[in-house]
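Here's the letter readout for the chains.
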Amino acid sequence: MLLYYFKLAMLSIRKTPLLSFLMIATIAIGIAATMITYTVNYMMTQDPVPGKSDRLFTVHLSSWDPNVGYRMKDGKEDIPIFMTYQDATNLYTDQRAHKQTIISFHKAMVRSAAQPRGQATMTYLRPTTHEFFSMLNVPFLYGSPWDASDDSQGSQIVVLSKKKNEQLFQGENSLGREVVIGGLIYRVVGVLDEWLPLPRFYTERSDSYSEPRGLFVPFQSSINNDWLSGTDGSVYCWGGADLIDLNALKASECVWLFYWVELASAELRDDYLAYINRYAQEQKALGRFQREQMNRVMNVAEFIEYNEVVNKDGRIAVWLAMAFLIACLLNTMSLMMTKFHGKGAEVGLRRAVGASKVDIARQFFCETVIIGLAGGAIGLVLALLGLYVTSEVYSHLHAGLMEMNLSLMLLTIGSSVLASTVFGLYPIYKACQIQPSSQLKSL
Amino acid sequence: MLQTISENAKGYNMLKMRGVAKSFVTKTVETQALQPFDLDISQGEFVAIVGPSGSGKTTFLNIAGLLEAHSEGQYYLDGKDITGLSDRSKSSLRNQKIGFIFQSFNLIPELNLFDNIEMPLRYRTFSRKVRAQRVMEALEKVGLAGRKSHYPQQLSGGQQQRVAIARALAGSPSFLLADEPTGNLDSKMADGIMALLKDINQQGTSILMVTHDMDQARQAGRVVEIRDGYLTEQQLALTA
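As they're listed, the protein sequences go chains A and B.
My numbering puts the first residue of the first sequence at 266, with every later residue one more than the last.
My numbering puts the first residue of the second sequence at 271, with every later residue one more than the last.
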C-alpha cells in the first residue's frame with residue numbers, strides 16, 4: 266500500500282508541476298539558508314580534541330600589577346590568559362601535571378636549505394615544547410615530535426605542517442632535510458599529517474578559525490636564538506618594562522606565553538589548582554603576586570566559552586535563519602492547503618469507494634514526505650554551493666568551517682522531511698475533513 | 271408523519287431504514303431535508319428515485335451510501351446497523367457493499383482505466399493478482415477489455431461511464447448507487463448505459479438510481495418519488 270501511496274504522490278506532483286516546484290523550492294531555500302548558518306556554527310562549536318578536552322587545562326595566574334587591575338570582564342576583575350616567562354618555566358620545570366606545554370609565537374623568513382635566499386617567505390612559527398603534539402593529538406605523517414632533551418638543549422630541529430612541507434619539499438618525506446629559519450639551519454624531525462583543530466582553541470581568540478602555523482620548533486631554541494617578535498602575538502606588560510631584547514622580556518612581569526597541562530583525569534583538577542595556588546603563595550612570599558589571588562585552570566570547553574571563540578552573533582544568525590525557514594514552511598503550508606484543497610473531488614471519490622480518513626491522510630503524508638525529500642536534496646545542493654561561495658569569500662578562515670560532514674548532510678535531508686511533514690499536518694487534516702458528498706459533483 | 275415504503279420482499283432485505291430523517295442545522299435555522307421515512311429494498315431490486323431538483327434525492331442517496339450521516343432513525347445495511355459506526359467501519363462497508371456511479375463519471379484523469387477501476391480494490395487486502403483479475407472481469411462486463419491502458423480523456427462520455435460502472439462492479443458490491451448516471455450523455459449512450467445497468471441488475475445486484483428521466487425510471491422495477499423531503503412509492507406502469 267505504501268508503494269501505491271508513493272505512486273499517487275508522484276502522479277500528484279507531476280499533475281501540478283508549478284505548485285510542486287514552488288513548494289519544493291520554498292523548502293529548499295529555507296533549508297539551505299538554515300543549514301549554511303548552522304554548519305558554520307556547528308563547526309565552530311566542535312570539540313577540537315574529542316575524548317580529551319575535559320583533561321586539558323590552561324593555567325591563568327594573578328601575577329598582574331598590584332595597583333591597577335588587568336581588565337574588567339562581565340563587570341568583574343579579570344586576570345591574564347597569558348603567563349610570564351618565569352612562571353611558565355617554573356611550572357614547566359616542576360612537571361606537576363601528566364603533561365605540560367609552553368606555547369609561544371614568532372615569525373621569520375623561512376626557506377629550505379636548497380632554495381635560494383630570494384625564495385624565503387615570511388612565516389609564522391610556533392615555538393613550543395615536545396608534549397604539545399601528544400597533548401593535542403597531533404597526527405604525524407613522517408617522523409615524530411622531538412623529545413625532552415631537545416627541549417632542554419633548545420635543539421635546532423623543526424616539525425613542519427603538511428602544507429609547509431609541500432611548499433618547501435613538494436610533499437616528499439623531508440626527515441633530515443634542512444630548513445633555514447631566520448638565517449639559522451633547522452633539521453626536519455617530523456612532518457604533520459592533515460591537522461585542522463576546530464576551533465584552534467589553544468591560543469588567542471583571533472586565531473581560533475585560522476589554520477595552525479606551519480613550523481613548530483623547541484621553545485628553548487627560540488630563547489637561545491633571542492627571538493623576540495611582538496607583532497604576531499600578544500605581549501602585555503606593566504611596571505614600566507623596557508623591552509629592549511628578549512632578556513628584558515624574560516626578566517619582566519610581561520605576560521605572553523600560553524601554558525597548557527594535561528591531567529591524568531579530570532578529577533585531578535582541584536589538586537592541580539591547589540598546587541597552582543601554593544605556587545602563587547610562594548611567589549607572593551617572594552614579593553610578586555600582590556593582587557587578590559584569582560588563579561584558575563580552565564578546560565577546553567570553558568576556555569572556548571571564556572574566550573568567546575563562538576561569536577554570539579553566530580548563534581543569532583542561526584536563530585534568524587530558522588525564523589526564515591519557518592516563514593518558508595508557512596508559505597509551503599499555504600501552498601499545500603491550496604494543493605490539497607484542489608484535490609477535494611479526488612478525496613471525495615476515494616472516500617466514496619472506501620478510503621477512510623486515515624487512508625487519505627497516509628496518501629497525502631507520502632506526498633509531503635516526497636516534497637520534503639526533494640526540498641532537502643535541493644536544499645543540500647544549495648547549502649553546499651552556499652558554503653563553497655562563503656569559503657571563497659572568507660578564504661582567510663579555516664576551510665573546515667564551511668564543510669558539511671555526513672551527519673550534517675543527513676540532518677539537512679532529515680530536517681527538511683520532518684519540517685515538511687510537520688507543516689503538512691494541518692493541510693492533511695483539512696483534506697481529511699472534506700465532506701465527500703460535497704465534492705462528488707466536481708471532479 | 272412517518273412514511274412507510276415497504277415493497278413485498280423479493281429476497282433478502284439489503285437496505286432497511288426505519289424513521290430515517292435528515293435535517294441541516296445552522297446557527298439561525300434548521301432545514302428538514304428529508305422527513306422521517308421507512309424504506310426496505312431487497313436484494314436484486316432496481317429502484318429509481320425521482321423528484322424535482324432540490325427535493326432531497328441526492329441527500330437520500332448520500333445517506334444510503336454512507337457518505338452523510340442521517341439525523342434520526344435506524345439504518346440497516348445488509349443487516350448491520352450503521353448508526354454510530356466509526357469512519358473506518360463505514361469506509362469499509364462502503365468499500366465492500368456499495369458501488370457508486372456518478373453523473374460526471376468521476377474518473378481520475380491521470381490514472382489509466384486499469385488504475386481507475388482498481389481504486390476501490392486498493393483499499394482491501396487483495397493480492398495484485400486478484401486485483402488484476404477483478405479489474406479485467408469488470409472491464410469485460412462493460413465491453414472495454416482491450417482499453418485498460420487508455421486514459422479517461424481518450425474515451426467518449428458513454429465509454430467513461432462504462433468505466434465508472436466497471437469501477438463500481440470491481441468490488442462485487444451488494445448494490446449500486448447511481449446518481450443520474452445518464453445525465454451527461456446523449457440519448458443513444460444513455461440507452462446503452464441503462465441496458466448495461468439492467469443487465470447487471472438481472473445478474474443479482476440491487477440498484478438504487480436517482481434520475482430525472484421518467485422513461486428511465488419506468489425501466490426500474492420500482493419507483494420512489496421524493497418531493498419536498500417526503501418519500502412516496504409511485505405506482506407506475508412498467509414499460510415492456
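No wet-lab data here; the hints were simulated from the structure.
Each hint should be verified, as a subset may be incorrect.
Said to hold, decoys possible - In silico DSSO-like links for lysine-lysine, alpha-carbon gap of 27 Å or less:
#, chain 1, residue 1, chain 2, residue 2
1, A, 364, A, 549
2, A, 280, A, 695
3, B, 399, B, 458
4, A, 428, A, 317
5, A, 622, B, 360
6, A, 272, B, 360
7, B, 418, B, 399
8, A, 372, A, 427
9, A, 372, A, 428
10, B, 468, B, 411
11, B, 418, B, 350
12, A, 695, A, 272
13, B, 286, B, 468
14, B, 350, B, 360
15, B, 367, B, 418
16, B, 350, A, 622
17, B, 399, B, 286
18, B, 418, A, 695
19, A, 695, B, 399
20, B, 286, B, 350
21, B, 399, A, 272
22, B, 286, B, 418
23, B, 458, A, 622
24, A, 549, A, 280
25, A, 272, B, 418
26, B, 411, A, 280
27, A, 364, A, 272
Cross-check of the supplied hints:
1. With a C-alpha separation of about 26 Å, the suggested pair residue 364 of chain A and residue 549 of chain A falls inside the 27 Å cut-off, and the hint holds.
2. This hinted pair checks out: residue 280 of chain A and residue 695 of chain A have alpha carbons roughly 21 Å apart, not beyond 27 Å.
3. Taken as a hint, the residue 399 of chain B and residue 458 of chain B pair is broken in the structure, with Cα atoms around 36 Å apart against an allowance of 27 Å.
4. Restraint check for residue 428 of chain A and residue 317 of chain A: satisfied, since their Cα atoms lie roughly 26 Å apart, inside the 27 Å limit.
5. Simply put, residue 622 of chain A and residue 360 of chain B have alpha-carbon atoms about 11 Å apart, close enough for the 27 Å limit, and the pair holds.
6. Using a Cα cut-off of 27 Å, the hinted pair residue 272 of chain A and residue 360 of chain B holds, with the two alpha carbons roughly 26 Å apart.
7. Pair hint residue 418 of chain B plus residue 399 of chain B holds up; C-alpha atoms about 15 Å apart against a cutoff of 27 Å.
8. Distance check on the hinted pair: residue 372 of chain A and residue 427 of chain A sit about 18 Å apart at the alpha-carbon level, within 27 Å; holds.
9. Note on residue 372 of chain A and residue 428 of chain A: the hinted pairing holds, with a Cα-Cα distance of about 17 Å set against a maximum of 27 Å.
10. With a C-alpha separation of about 13 Å, the suggested pair residue 468 of chain B and residue 411 of chain B falls inside the 27 Å cut-off, and the hint holds.
11. A hinted pair counts as satisfied when its Cα atoms are at most 27 Å apart, and residue 418 of chain B with residue 350 of chain B does not qualify at roughly 35 Å.
12. For the proposed pair residue 695 of chain A and residue 272 of chain A, the alpha carbon gap of about 22 Å is at most 27 Å, so the pair holds.
13. Restraint check for residue 286 of chain B and residue 468 of chain B: the C-alpha separation of about 22 Å stays at or below 27 Å, so the hint holds.
14. Annotation: proposed proximity of residue 350 of chain B to residue 360 of chain B holds, straight-line Cα distance about 11 Å (limit 27 Å).
15. A C-alpha spacing of about 24 Å is found between residue 367 of chain B and residue 418 of chain B, which places the hinted pair at or below 27 Å, so the restraint holds.
16. Among the hinted pairs, residue 350 of chain B with residue 622 of chain A is consistent with the structure: their alpha-carbon atoms are about 21 Å apart, no more than 27 Å.
17. Pair hint residue 399 of chain B plus residue 286 of chain B does not hold up; C-alpha atoms about 35 Å apart against a cutoff of 27 Å.
18. Distance restraint check for residue 418 of chain B and residue 695 of chain A: the Cα-Cα separation of roughly 34 Å exceeds the 27 Å cut-off, and the hinted pair is therefore not satisfied.
19. Taken as a hint, the residue 695 of chain A and residue 399 of chain B pair is broken in the structure, with Cα atoms around 35 Å apart against an allowance of 27 Å.
20. With a C-alpha separation of about 9 Å, the suggested pair residue 286 of chain B and residue 350 of chain B falls inside the 27 Å cut-off, and the hint holds.
21. Only pairs whose Cα atoms come within 27 Å are accepted, and residue 399 of chain B paired with residue 272 of chain A is accepted, the gap being roughly 18 Å.
22. For the proposed pair residue 286 of chain B and residue 418 of chain B, the alpha carbon gap of about 37 Å is over 27 Å, so the pair is violated.
23. Taking the CA atoms of residue 458 of chain B and residue 622 of chain A, the gap is about 39 Å. The hint is violated against a cut of 27 Å.
24. Note on residue 549 of chain A and residue 280 of chain A: the hinted pairing is violated, with a Cα-Cα distance of about 82 Å set against a maximum of 27 Å.
25. As the CA atoms of residue 272 of chain A and residue 418 of chain B are separated by approximately 18 Å, the hinted pair is consistent with the 27 Å bound.
26. Of the supplied pair hints, the one linking residue 411 of chain B and residue 280 of chain A is violated, its CA atoms being roughly 31 Å apart against a limit of 27 Å.
27. With a C-alpha separation of about 63 Å, the suggested pair residue 364 of chain A and residue 272 of chain A falls outside the 27 Å cut-off, and the hint is violated.
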